[in-house]
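Hints in hand, dock the two standalone chains.
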Amino acid sequence: MPELTYREAVRDALSRAMREDDDVFLMGEDIAEMGGSMGVTQGMLDEFGAERVRNTPISEMAIVGTGIGAAMQGMRPVVEIMYQDFLTLSMEQLVNQAAKHRTMSGGQLKVPLTIRTQGGAGWSPGAQHAQQLESWFVHVPGLKVVFPSTPEDVRGLLWSAIYDDNPVIFFEHRLLYPLKGEVPAELAPIPFGKARIMREGTDVTVIAIGRMVPEALQAAEEAETLGISVEVLDPRTLLPLDEEAIIASVQKTNRCVTAHEAVTRGGFGAELTAVVQHGAFDYLDAPIERVGAKFAPLAFAPAMEQWAVPHAADVLEAVKRTVARA
Amino acid sequence: MATEVKLPRLGQGMESGTIVKWLKGEGDAVKKREPLYELDTDKVTQEVEAEADGVLLKILVDSGEVEVGKTIAVIGKPGENVAAEDVAAEDVAAEETASGNGAAPAPESEEATEAEDRPEEEGSPAEAMDGERERGRQAAAATAAAEPVAAAGDGGGRVKASPLARRLAREKGIQIAEVSGTGPEGRIVAEDVERFQSVAPAIAPAGRAAGEGEVEEIALTSTRKTIARRLTEAWQAPVFQLTVSADMTRALELRERLVGRLAEGETKPTVSDLLTKVSAAALVLHPAVNAHFTGESIRRFSVAHVGIAVATPSGLIVPVIRDAHRQTIQELAAARAELVGRARDGKLQRADLDDGTFTISNLGMYGIEQFVAVLNPPQAAILAAGATIETPVARGGEVVVRPLMSLTLTCDHRAIDGADGAEFLRSVKELLEEPALAL
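So the sequences go chain by chain: A and B.
Heads up, the first sequence is in the numbering used here, so the first residue is 1 and it goes up one at a time.
Heads up, the second sequence is in the numbering used here, so the first residue is 1 and it goes up one at a time.
Everything labelled a hint here was simulated from the structure, so no lab data went into it.
Among the hints, a few may not be true.
[Stated by the list, open to error] Ranges between beta-carbon positions, derived for each pair:
id, chain 1, residue 1, chain 2, residue 2, range
1, B, Leu231, A, Phe281, 31 to 37 Å
2, B, Lys31, A, Thr202, 55 to 61 Å
3, A, Phe281, B, Asp28, 42 to 48 Å
4, A, Ser229, B, Asp53, 57 to 63 Å
Note that beta-carbon positions come from the ideal geometry of N, C-alpha and C, so glycine has one too.
In isolation and in its complexed conformation, chain B is listed as follows (with noise of 0.2 Å):
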């Protein structure tokens, strides 16, 4: 009995994933476990392992996007017979969100060459043909049952969209395969495509105004969309910011120290994994930011696991560093590294990104004073950290040059209330200013 691969769901809220190639080929002998192809998802780009010994039967999507669930290839014995109804019949949607074709063995039957010579370009407004290639494709999966390995997954390729909702992808620079139809027979309707754009960014127009220069247009690859989507979506989150200073002399010679005993090979702390560590600390105090909004309850958690924004080749990327209330600094700034070390890599994994509860982005790095994060859904805080500057301040009626770090806390007022946020930032400006309480 022949095993259908089917697209994996590999973290929670993933839809869809795109197959960026395949490491067999037709025809490959495949053992469980070994890498069957490259997925990359709004998170990650992986390696698939097989879950099935055999041989690589069919390819079905040779690559594009793919919904979660579909099936994308098929696993047997040499020789054996692709249950072709099943899978034609099933994956109508999944092939015709693909881009790519697979290569296909001639078909045998006059109706199937029929099918398959249909023109497939997309716009063909030959919505009455459907019927007639509905059959085609039926006829196709008759002979494929009746033949070793025969047409069964190729054709597809034509999407299902109305006028309208054709127009507007035109207009929006939106690829209409790329839009999931929820019309009658899944047809893709003007909400459909209305409703990506609201998640997926505008692409420049293709035109370009003359006398402009040279424009370089940058396709979007899943991460840039996903950065897009999300955060499209927590901009509409009402949200509020408070700012604090804190003073970083205590924290500075804390680090100072904690360098000075660093053995061989070890990671040196940096002013991040200290905010790491207070931030931790200061959560698990206050439940109230140590939440998720999930539009129909409110989450708090009694473990903090904090994300990091990390800046990467491909886009901004949150690697969630787990129970960092349990850690100690050496072990944050350790954690830290590997997790930042992979992720400029392109190395991380589903589970490397999941179950954040709160997330620092610190651009002290680049000399940036202060500034505003935007929320991290389903998340309801977020922390915004500035460099430390050497600023004055007055301290008992003398002025004083102080070692001061700003600290932005947003907020999503519908989880989160002012005062819950306030006292969450106090709590870490004091554990900055006296770190020894954080432990």
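Next up, chain A with everything else stripped away, as it sits in the complex (with noise of 0.2 Å):
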């Protein structure tokens, strides 16, 4: 099989499906010459077109809402937002418009619009480029929330996400882009809700999205030299989830870590756990553990911002609480 990066994955996705298919265009800031600010784009404004990859104005607002515009009338663009901080400034046309006119419109409309968007923590870009902000979105019905964290994942729920119908907001990790990983020859598109068991495990689960799907893997290494068993599981789409997986997963190993880089309040840990103390209520042996960053600005500092957000160690802490014999 062939190995592709993160952001080699994505961009693969993007090609491909621009190749087949002429709905399928590119809007954002600095995508074209530039190749976008982390380079997921680069080489495509040559293949493709400045047509089909087209820069904008520093507008998040007007990105989304010509998104939402010619998604309506039958194309199928995707629309790259380069910070997810700034998806705060299209909050009006995902929230209020793209989430809402497929139902408002008794289905006459449709939205298939996908806006792909990156961030996260550990190159110190300060308090206004690194938020996690994903469990905003799964508040809103009407949207569909996509966090991958391989390059087989990203590459096959992107062209998912490409060819859904409702509008999907697709996040990807700023620290994962240079992460290689196999991808099958062919592209096999991924379906939305299904959860993928990254490793198997009998003591506890441990329900990881993002950046701390390849640190909960590590913590679980670790684990397993103190003779723990981690089960590590990534649900990939946040919404739609994959509950059955998780809750079955739970009933198995009877405990549950969850984690994620965004602060941990109000994070889609506190979903996962709801989800989980409802499914295998009967199940579980010892308190749900959330881990998250601290809640806090993050900040510029490397050290600060170090030890506000959550690493293999956080995991594998919790991970021994669980099992913790008093």
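What follows is the structure, encoded as structure tokens:
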């Protein structure tokens, strides 16, 4: 199987879709000549031309609004929001327009729009360029929310996002871009709502998303040396959520830890916790532990930034708490 | 200064006991050495005496199972304050495992009222309430410290257990309050229930299949639970059995003569007593069999304390005849009769059951020809005796009829090898066939 970086896998999905389908096109800030601030769309201007790889003004509201209009007219636009922090500037279009049209029109309109964005700490981007806001969008009926953690998943899920008839917020993580992984030679679309067991285990289930998936896998390795068998589950799509797989896993292991880079309070871990406690109540042998960032605007200072966001060690500590014996 | 009454450890290995009833009420005067309450341990039910003079100020655990060392009551001077902080803080666990609640005077403070009014049914998911509950408890304790004999001990009731532990307990018919928790803050976790399950027998499911007729459901007594736990443990030991038949002609003759010489009121010696005598003699000769297997070591004994399996209305019990090797058959018969009598009346003391080095189980009186007994840990061997039966045997080329008794020795192979067991059993056989050699 070929190996791609996470970044190349995103580009591969976009390029394949654009080669096959004239309805697919890109819009975003600096995505054409510059190839995007994270280099994801590098080289695509040359292959697909300025009509289909379109630079936009610095207005997220306009970018998303234009995307919605094009989508409702039958196109399958993929727009890029440079940092997910800037999604806040397009909230009206995302929450009140994109998410609502299909239902409010009684199904006469559909919005097959993909909003790609990225973020994450780890390179001192500061408080306004490093947030993880995925849980905000899980609260909005009418949207879909995807957050892949591997090259294979990001490619297969992006394909499904492009061909989904609903607006999809597609989260990528800055620190995952350079990570390599095997991908099938042929692009295999990955359906939404299907979790992936990244590692099987018997003592505790760690439900991790985004960058915390590789961190959880590392924690699982370390836990194994302590005789603790950790199962790592990546839901991959937060909305829809594969509750069945999550509940089945916790029913097997009897313990659960959630892990994301977003701040813990009000984070997606809270939703996961609610799902688990309800679906696996009689199977829980320990309180569910949540791992996330400390509740503060993220510091620029590297030491403080690293102190604030969670790492494998934090997952390991939480795992140990769930199996603790007094 | 008030004296806390703590649940005593009445014998080796005792971890908890069940308070059956109090023989004194709150406010009653008690004297040192006066019986205070009845305690059911895993071996016996006995009266426990007061260790101090004074007034029984407060009963903290009215009834139910309590761990050794927990404070169950307070004795002090009339009107003396109960040192409530200590009692309440230390003994939450004890209260929680107890099934009953002592009647408590009405609490004085609002906080206390709030805490006391909390629903206490088992299974209440109000985990989050615990912090608040604890504050309430402390407030109650503080009030109690200020007021004479206030509500210190009541409350409790809620058991801290994980949902999984509760479900397992429900499915296995285990009272969650009987399980002791080893999780964080004493929480009962699944492993605790499973461990409890492995030492306690499963209770018949509450449901009743249609068309099966009446089902009698018998709650397990402490004795029954102990039998189940110990025998389950014993079943896991790698054991082997050896069987011989002893010609009982001379032993029976000896018994006849002993019976003929009995003085007024003396106990008739039985075949069992003869067997005890020769076994004790053989044990001293073969210390390899007269041993305990502790897991860390093998302890071989030079004295033979022989346990006798006795069927009682509440189940099997094994009182011990101490120094059996030093006693005459007549003394052994008297000791046996006395112990069996008390065993059947439920009057055995803990000390009657401790320190056995070997056990004999005799089902001969039921006509059982031969059987295999289950080890009585930590003892490394147990002897099963069958009935003495007239049997045709070959002697010097002739078939003759002789009274034979079958003897089956069960050995814990971790402590005893086959040859050791065989030598012991050969000695028992020889001594039964020539009882004079045991003298």
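Verification of the hints:
no., hint, verdict
1, Leu231/B / Phe281/A: 31 to 37 Å, "36 Å, holds"
2, Lys31/B / Thr202/A: 55 to 61 Å, "59 Å, holds"
3, Phe281/A / Asp28/B: 42 to 48 Å, "47 Å, holds"
4, Ser229/A / Asp53/B: 57 to 63 Å, "58 Å, holds"
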